[in-house]
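Colleague: These protein sequence lines are chains D and G, in that order.
Read in numbering that gives the first Met the number 0, the first sequence has 376 at position 377, and its numbers run on one by one without any break.
Read in numbering that gives the first Met the number 0, the second sequence has 427 at position 428, and its numbers run on one by one without any break.
What the hints contain is simulated information worked out from the structure, not anything from laboratory work.
There may be inaccurate statements among the hints.
Below 27 Å or equal to it, Euclidean Cα-Cα: the simulated DSSO-like pairs (lysine-lysine) are [unchecked claim]:
hint, chain 1, residue 1, chain 2, residue 2
1, D, Lys197, G, Lys392
2, D, Lys280, G, Lys397
3, G, Lys443, G, Lys397
4, D, Lys197, G, Lys443
5, G, Lys370, D, Lys197
6, D, Lys197, G, Lys371
7, G, Lys397, D, Lys197
8, G, Lys332, G, Lys370
9, D, Lys280, G, Lys370
10, G, Lys371, D, Lys280
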Amino acid sequence: MKKLKDIFGGDTRQFGMIFALVALIALFQVMTNGLVLKPENVINIFNGNSYILVMAIGMVLVIIAGHIDLSVGSVAAAVGIVVALLMRDTGMHWVLAVLVGLAFGALIGAWQGFWVAYVGIPAFIVTLSGMMVFRGVNQLIGKSNTIPVKEDFQVIGAGYLPEVGPNTGYNNLTVLLGLILVAAVVLGAIRTRRNQVKIGAATGSATAMWVRTGLISFAILAVALLMASGRRGTSFPVSGLILGALVLIYGFISTRTIIGRHVYAVGGNRHAAELSGVRSKRVNFLVMMNMSILAALAGMMFVARSNASGPFDGVGWELDAIAAVFIGGAAVTGGVGTVIGSIVGGLVMAVLNNGLQLLGVGADLTQIIKGLVLLAAVAFDVYNKMQGRPSIIGLLTRGSKKGTTPDAAGKSA
Amino acid sequence: MSDVILEMRNITKEFPGVKALENVSMVVRRGEVHAICGENGAGKSTLMKVLSGVWPYGSYTGEIIFDGKPVEFKNIRQSEHAGIVIIHQELALIPELSIAENIFLGNEYVKNGVIDWVETNRRARELLEHVGLNDEPQTAIKNIGVGKQQLVEIAKALNKDVRLLILDEPTAALNEEDSQHLLGLIDELRRKGITCIIISHKLNEIEQIADSITIIRDGQSVETLDVKGDKVDEDRIIRGMVGREMSSRFPDYTPNVGETFVEVRNWTVESPVIPGRLVCKGSNFYVRRGEIVGFAGLMGAGRTELMRSIFGQSYGIFRGGELYLDGKKVSLKSVPAAIDAGIGYVTEDRKVLGLNLLDDIKTTTVSAKLKKISKRSVVDRRAEFEAAEGYRKSLRTKTPTVNEGVGKLSGGNQQKVVLAKWLFTDPDLLILDEPTRGIDVGAKYEIYGIVQELAKSGKAVIVVSSELPELLGLSDRIYTICEGAITGCLAKGEATQENLMKLMTTLSDRSAAASA
Numbered sequence: 000m001k002k003l004k005d006i007f008g009g010d011t012r013q014f015g016m017i018f019a020l021v022a023l024i025a026l027f028q029v030m031t032n033g034l035v036l037k038p039e040n041v042i043n044i045f046n047g048n049s050y051i052l053v054m055a056i057g058m059v060l061v062i063i064a065g066h067i068d069l070s071v072g073s074v075a076a077a078v079g080i081v082v083a084l085l086m087r088d089t090g091m092h093w094v095l096a097v098l099v100g101l102a103f104g105a106l107i108g109a110w111q112g113f114w115v116a117y118v119g120i121p122a123f124i125v126t127l128s129g130m131m132v133f134r135g136v137n138q139l140i141g142k143s144n145t146i147p148v149k150e151d152f153q154v155i156g157a158g159y160l161p162e163v164g165p166n167t168g169y170n171n172l173t174v175l176l177g178l179i180l181v182a183a184v185v186l187g188a189i190r191t192r193r194n195q196v197k198i199g200a201a202t203g204s205a206t207a208m209w210v211r212t213g214l215i216s217f218a219i220l221a222v223a224l225l226m227a228s229g230r231r232g233t234s235f236p237v238s239g240l241i242l243g244a245l246v247l248i249y250g251f252i253s254t255r256t257i258i259g260r261h262v263y264a265v266g267g268n269r270h271a272a273e274l275s276g277v278r279s280k281r282v283n284f285l286v287m288m289n290m291s292i293l294a295a296l297a298g299m300m301f302v303a304r305s306n307a308s309g310p311f312d313g314v315g316w317e318l319d320a321i322a323a324v325f326i327g328g329a330a331v332t333g334g335v336g337t338v339i340g341s342i343v344g345g346l347v348m349a350v351l352n353n354g355l356q357l358l359g360v361g362a363d364l365t366q367i368i369k370g371l372v373l374l375a376a377v378a379f380d381v382y383n384k385m386q387g388r389p390s391i392i393g394l395l396t397r398g399s400k401k402g403t404t405p406d407a408a409g410k411s412a
Numbered sequence: 000m001s002d003v004i005l006e007m008r009n010i011t012k013e014f015p016g017v018k019a020l021e022n023v024s025m026v027v028r029r030g031e032v033h034a035i036c037g038e039n040g041a042g043k044s045t046l047m048k049v050l051s052g053v054w055p056y057g058s059y060t061g062e063i064i065f066d067g068k069p070v071e072f073k074n075i076r077q078s079e080h081a082g083i084v085i086i087h088q089e090l091a092l093i094p095e096l097s098i099a100e101n102i103f104l105g106n107e108y109v110k111n112g113v114i115d116w117v118e119t120n121r122r123a124r125e126l127l128e129h130v131g132l133n134d135e136p137q138t139a140i141k142n143i144g145v146g147k148q149q150l151v152e153i154a155k156a157l158n159k160d161v162r163l164l165i166l167d168e169p170t171a172a173l174n175e176e177d178s179q180h181l182l183g184l185i186d187e188l189r190r191k192g193i194t195c196i197i198i199s200h201k202l203n204e205i206e207q208i209a210d211s212i213t214i215i216r217d218g219q220s221v222e223t224l225d226v227k228g229d230k231v232d233e234d235r236i237i238r239g240m241v242g243r244e245m246s247s248r249f250p251d252y253t254p255n256v257g258e259t260f261v262e263v264r265n266w267t268v269e270s271p272v273i274p275g276r277l278v279c280k281g282s283n284f285y286v287r288r289g290e291i292v293g294f295a296g297l298m299g300a301g302r303t304e305l306m307r308s309i310f311g312q313s314y315g316i317f318r319g320g321e322l323y324l325d326g327k328k329v330s331l332k333s334v335p336a337a338i339d340a341g342i343g344y345v346t347e348d349r350k351v352l353g354l355n356l357l358d359d360i361k362t363t364t365v366s367a368k369l370k371k372i373s374k375r376s377v378v379d380r381r382a383e384f385e386a387a388e389g390y391r392k393s394l395r396t397k398t399p400t401v402n403e404g405v406g407k408l409s410g411g412n413q414q415k416v417v418l419a420k421w422l423f424t425d426p427d428l429l430i431l432d433e434p435t436r437g438i439d440v441g442a443k444y445e446i447y448g449i450v451q452e453l454a455k456s457g458k459a460v461i462v463v464s465s466e467l468p469e470l471l472g473l474s475d476r477i478y479t480i481c482e483g484a485i486t487g488c489l490a491k492g493e494a495t496q497e498n499l500m501k502l503m504t505t506l507s508d509r510s511a512a513a514s515a
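Please construct the entire structure, taking both the sequences and the accompanying hints into account.
Modeller: And the structure:
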């Protein structure tokens with residue numbers, strides 16, 4: 000048990016989530032007779048969920064800072080329709096249109112951030128207002144019509160890496176991408192380890208480090224080969240690539256930069272942060288603005304994937320993004336959460352959706368199961384926190400707690 | 000009917016790790032005004048919470064005899080039912096509701112399931128008359144001043160057929176006129192046969208109104224004084240409050256005082272909550288390099304407010320004053336500006352203002368000056384680790400690693416992490432607000448040593464503390480603050496607990512004139 004912890008790091012929550020994801024995939028793989036891990040299906044999961052996951056990245060920062068954003072779906076829709084119309088009516092190049100879309104998202108974000116950070120209106124209210132306002136903007140501008148988009152724009156939502164080089168039976172670029180990632184992971188692990196040893200802060204044994212790195216590398220290669228071996232013309236989707244890049248960038252920002260630290264500080268204890276020289280208003284403003292920019296990007300990716308922008312795009316997205324963040328271990332009170340955790344949380348929801356669909360479970364039952372999973376995941380969190388205090392449940396389960404933690408996590412999530 | 004209404008016998012109340020009350024006994028006679036005196040943290044409020052059932056029967060040991068019968072209150076409702084009503088320092092009124100609604104909250108006049116407004120207002124008017132308040136019962140609480148709110152609280156208590164009224168610091172937030180009105184009302188209640196227990200730091204008021212005084216020190220009842228019989232005056236009360244022995248609880252230390260580093264002139268700050276009320280009234284002081292300067296004052300005197308205002312105006316509304324660092328006038332309008340100017344401020348309430356309890360030691364250590372270990376805004380985690388590790392060793396913080404969460408540390412070690420955080424900013428002036436509150440004796444000694452080291456290295460240090468022995472042991476000079484004004488400054492040799500307490504409790508004409 001302790002060795003397992005050594006390998007996967009000390010964070011029980013994340014540990015549990017990754018186990019839950021793996022267990023869920025394994026479960027559906029068996030129940031669907033191998034349909035889940037078919038290349039087409041894996042690609043489909045990425046393509047069909049990357050826009051939600053992109054928003055989850057922004058949402059986790061908002062939630063860490065102690066706020067919430069209900070407007071993301073409407074913001075995505077408003078930006079989507081503007082971009083679609085720009086390309087149709089003015090013939091604007093799609094790259095320029097994407098930039099305009101992001102700028103529009105930033106403008107919306109500045110508007111919401113202003114009210115939240117500088118006027119001090121709770122984000123719940125500001126973004127509830129935004130939810131209505133920008134839904135209205137979408138329908139006003141688009142006259143409640145569906146606007147189709149050109150094919151070249153569709154690449155950001157439905158595109159694949161091109162086929163280059165010799166015919167290996169795999170998509171070469173995807174394999175290459177996988178190998179580069181593995182190399183980066185291994186090098187990074189060696190560098191971190193060396194640094195830790197040098198300053199005498201190494202945690203866990205070297206073997207644990209290698210096992211961990213090996214498992215991660217194996218997982219990356221397996222996914223890459225799987226996606227590269229699909230139908231010719233398909234490969235790792237461009238939307239997945241965008242998501243991956245964002246995860247790396249935002250993972251870095253949130254853990255390694257000053258502004259990232261400040262987001263956690265403001266969410267953890269705003270007064271203490273302010274008395275330590277953190278300009279909390281600016282942090283809140285930036286976090287809200289960033290969310291709308293990512294919502295804008297998600298909106299455009301969705302439009303690209305569905306070939307058109309419609310009046311009901313993005314309805315309910317905010318709830319999917321928020322659920323992903325909370326399943327991923329963020330705390331409602333702020334200060335806690337990780338980008339990678341939210342992605343895993345989002346993937347749990349995505350795999351659940353997909354697996355149930357493949358099993359032919361109806362939308363009604365799927366909703367019920369997803370709702371219960373969200374509750375179970377957060378209940379597991381609350382339960383973990385209660386362990387400090389004597390509670391009846393805690394007392395009853397204390398004896399068996401240690402040995403069963405990962406399994407319990409897997410079952411509850 | 001005996002003439003003793005309340006007797007508390009051998010009350011002992013323990014919190015994890017702390018004995019808040021130890022064998023406290025007191026006797027309150029029927030119809031008297033009984034004062035409870037003691038330093039901050041002596042256990043006065045805890046005792047009243049035991050009496051009123053906030054700490055239920057069973058969570059303490061000892062006996063409470065009320066009206067000749069032993070009582071075992073399990074909650075406030077039971078004690079109120081018996082006729083004991085406590086009015087807390089922070090008033091328990093709902094600002095948006097009217098005076099009448101507040102008075103009858105929980106005891107509404109109901110006719111056929113609907114509130115009877117006619118009866119409610121009639122009865123409210125009657126009660127308001129009793130306490131000398133002639134506002135309309137429909138007035139919202141938020142629209143009347145604190146003084147009147149206090150009277151509404153009393154009216155509310157009268158409605159509950161109060162027989163023992165407990166007032167916790169009733170005049171702390173009131174001006175002189177309102178205070179006198181309130182004391183007059185207490186006097187009147189006494190004549191009507193209502194017994195009062197009053198907790199107050201204002202000794203002149205106690206001398207004026209109380210019949211007898213119980214003094215609590217370090218969780219023990221030391222003596223009960225009969226004001227008229229014993230000819231008690233303020234000096235006598237002070238002697239009882241501070242009369243503990245001073246032992247060597249401080250490391251040996253020879254100060255090395257240099258040039259003046261900080262000078263503050265006419266610093267004036269208005270309360271952010273109560274418009275027009277000044278929490279700092281034209282304060283003047285200075286601190287030299289290598290000097291430890293203490294600030295003494297009772298709770299609510301405005302010490303923290305003054306310090307936080309100097310620290311980048313992080314409290315209240317700045318209404319004037321000048322700050323000089325090294326003889327140069329500076330204007331620090333934000334916390335980052337104050338930190339850059341070389342000021343550090345260790346806050347009074349670690350858990351609420353000082354720490355993000357979700358964070359670990361190393362991120363906390365560098366959190367007030369991330370710039371120092373960042374390149375192009377990317378934090379160098381190795382430098383971060385080394386900085387935290389360095390302070391862990393030099394401050395002897397007890398923790399397995401610096402990756403540990405600060406929430407898991409003991410109070411003393413948490414305080415060391417907070418100190419490390421501010422030492423990391425390389426301050427020239429370090430302000431420590433209640434640096435040893437809630438930490439044990441051994442850790443206190445270590446903190447004192449760290450503070451003295453800081454001063455020795457040429458930094459200017461300000462220590463704000465409610466513990467007079469701590470200030471006397473640590474400081475080279477001590478300023479006293481009373482009701483927002485600096486009332487005196489005593490050098491190490493001349494300061495005693497008695498003369499400090501006197502300066503802390505009296506706003507004499509001379510000192511008022513001097514600080515104006």
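Colleague: It remains to establish, for every hint, whether it holds in the given structure.
Modeller: Hints, one by one, checked against the model:
1. As the CA atoms of lysine 197 of chain D and lysine 392 of chain G are separated by approximately 18 Å, the hinted pair is consistent with the 27 Å bound.
2. The hinted pair formed by lysine 280 of chain D and lysine 397 of chain G fails the criterion: a straight-line CA distance of about 35 Å is larger than 27 Å.
3. Simply put, lysine 443 of chain G and lysine 397 of chain G have alpha-carbon atoms about 14 Å apart, close enough for the 27 Å limit, and the pair holds.
4. Our distance criterion of 27 Å between C-alpha atoms is broken by lysine 197 of chain D and lysine 443 of chain G, whose separation comes to about 34 Å.
5. A hinted pair counts as satisfied when its Cα atoms are at most 27 Å apart, and lysine 370 of chain G with lysine 197 of chain D qualifies at roughly 24 Å.
6. Using a Cα cut-off of 27 Å, the hinted pair lysine 197 of chain D and lysine 371 of chain G holds, with the two alpha carbons roughly 22 Å apart.
7. Taking the CA atoms of lysine 397 of chain G and lysine 197 of chain D, the gap is near 22 Å; set against the 27 Å cutoff, the hint holds.
8. Under the criterion of a C-alpha separation no larger than 27 Å, the hint pairing lysine 332 of chain G with lysine 370 of chain G is consistent with the structure, at around 20 Å.
9. For a cut-off of 27 Å, the pair hint linking lysine 280 of chain D to lysine 370 of chain G stands: about 19 Å separates their Cα positions.
10. Of the pairs offered as hints, the one joining lysine 371 of chain G and lysine 280 of chain D holds, with about 22 Å between alpha carbons and a cut-off of 27 Å not exceeded.
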